[in-house]
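Take these sequences, add in the hints, and give me the full structure.
Residue numbers (this note's numbering), protein chains in the order written: chain F, 1 to 236; chain Z, 237 to 676.
These are computed hints drawn from the structure, not numbers from a lab.
Note that CB positions come from ideal geometry on N, CA and C, so glycine has one too.
There's no promise every hint is true.
[As the list claims (entries may be wrong)] Footprint (simulated), chain Z over chain F, 3 or more residues, beta carbon under 8 Å:
1. 26 to 35
2. 38 to 50
3. 185 to 192
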Amino acid sequence: MPYQLQDAAPDLRESMYFPEIIRGVGLIMKQFLRNFFFGRESNPDVLARDRSLSQNATLQYPEERVPYPPGYRGLHRLVPRDDGKPRCVACYMCATACPAQCIYIEAGELPDDPIEKYPTKFVIDELRCVVCGFCVEACPKDAIRMDSGEHAPPSYERSAQIWDEKRLLRGPPVSYLYDPWLRRGASSIPPEKLEEMRARARPFHTVATDEYAQTPGFSVRALAAEARERAAREGK
Amino acid sequence: MRRFLGMVLFAILGPGVLVLLARAFYYLVAVAEHVAIGLLGAPATYGAAVANVVLLMLVVVMTTAAALSVAERKWSALIQNRIGPNRIRVFGNPLGGMPFLLADALKMLTKENIEPSQRSKLLFEIAPMISFAPAFALFAVVPVGPEVNYRVGDAVHRVALQVASIDAGLLFVFGAASLAVYGTALAGWASNSKLAMLGGVRASSQMIGYEVSLGLSLVGSMMAYQSLRLEQMVQAQGQLLWGFLPALGILLQPLGALVFFTSAFAEVKRAPFDLPEGESEIVGYFVEYPGMKFGMMFLAEFVEVVVLSAITAAIFFGGWHPVIFEAWLRANLEPAWFAAVCAGVFLTKVAILCWVQLAIRFTLPRFRFDQIQTLCWKVLLPTTLANVFVTGAAILVDPSLELLAAIGLLELVAMVAITVAASRPREPAAHPVAHAVAHH
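Right under this line is the structure:
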């Protein structure tokens, strides 16, 4: 139900028009002067802006971007291990879960490792993707995430929207203590590197946390802080 | 903070620049007069008139009108908490949106010339000119600066920043203003389009209606200053009532000023009276016009804004009289600089009134057409008629204008009192309750 509006008949003063018009122009003038004399605050977090002087709420979009809320589902990325290879084990869970069938995987296996698989091809068609996040939920290895905080960038060709494993594999690496390649070792990882990776590995959170949105380097808050610094540097 | 200082500086330097500009205009007009008399043997005031046409009508009015087309976008943005046009940058600086003038002109001039095949060929071509020219011609009688003796070489010329000083000053204004309706009506008819036709018909009925109250609202001022010449009306506003109060038009004729300003709005066809060009319904009388022909109609609107601001400033706001510090300025400045200051003050007044005209556009929603006609015939016309009678009676009783000023001040005080008085208590508590109801 909408607001109950006060819809009384105009009294004599209001039906004279002019007093109310003069009041309206006064209001407009106040708004004009405060925006004329005081510049816009360029904090990209619009709601946090100080609106006591200028009330300007504009965001100059390509230069300033609103920090997305934690949990925003941006472009996919394939999470790398500490040795730069994808964490993905080509289990097809994401491709199976995907309602838009936009994920295409070809599995390969390492010649001297009878257990571990890896994707020789991992292609996501961002034009088909419905950004539901099911792939992220389905992944048993935390190998695909949507925490990049980016839109799919515009392009002139469709082919540019089809992201293969080379483009998808980016962002900060992640290692967990339960990772099988850390627990039993892998022929693809040199032993000293393995020790280093084991030292860095963390326990896996079974309860979902805010971490997905706060991966260092991809955190939306970091992006907002960067934008703020940039604005401060330009002295606006 | 930098912006604040810059804007304060701008607000101070703006009128200063106008004063310097006026000084340069006086000089150029005097030189033109000198050249015309000395070299061409032309009659007196001939050279000054030509120079004034070029400087005032082409430079001042045209530049202001073009700048207003950008200013409207920028000012509306400031009013509505936006930034406004700033994407064309010169060395990274948007320059307040001014480069958009160039971009707009380029766009208008290079557009394809598409014309309706069933148009009335001659009228279609000349309609933009007919709507453009009268608006310009109006400015001819506006006195921008006072008359002053100006020495060029060894000759002394008496020059004023006014194109033509004719006996029928205000009648010329009414006549030329009523010509503007031909442009819009012809544009609507010649396009052979139903929407344009509707726009043209709306424009003619509205403009003809409001011309009546436009004319009558100035009758009081004519009687009070006993002249039709605008420069004499401006001069008369310098006289002091009771020894201290300048006889400004707004003090003598507050109702006349209000009605004139309202009618001027309707004549300019701007919001809230912009029914001839309602973009959401009929687009307007210029719907079939491409490129610069549309641009002329568009620009004519802003020229009219400038001209009507100038006439309002001249008749109701003291014209070129600085009003405050006037005696001090007159005593301490040499005459040429005093005249320049006066002209600068006049241009500043015009700029402020232009701002008010644009601000009202962003204050009010549009009228319905029957409301427009009701306002004209049932409200403004009786008001002006009453104003004429009251003014006539007051002048008959007391020719020194003091009674008229007393009545005017009373009206002003009443207007302010009614405006300030909040008639209805605000009820801020109503909304949370409505929310609660909405959620259950």
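Assertion that chain Z covers the segment 38 to 50 of chain F - criterion: three or more residues, beta-carbon distance below 8 Å = holds (count 3)
ask   = Within the assertion that chain Z covers the segment 26 to 35 of chain F, do at least three residues meet a Cβ-to-Cβ distance smaller than 8 Å?
value = holds (count 6)
key: chain Z over the segment 185 to 192 of chain F, status - at least 3 residues with CB closer than 8 Å   = Violated, because only 0 residues of the segment 185 to 192 of chain F bring their Cβ atoms closer than 8 Å to Cβ atoms of chain Z.
Checked against the numbered hints given earlier, the structure breaks only hint 3 and satisfies all the rest.
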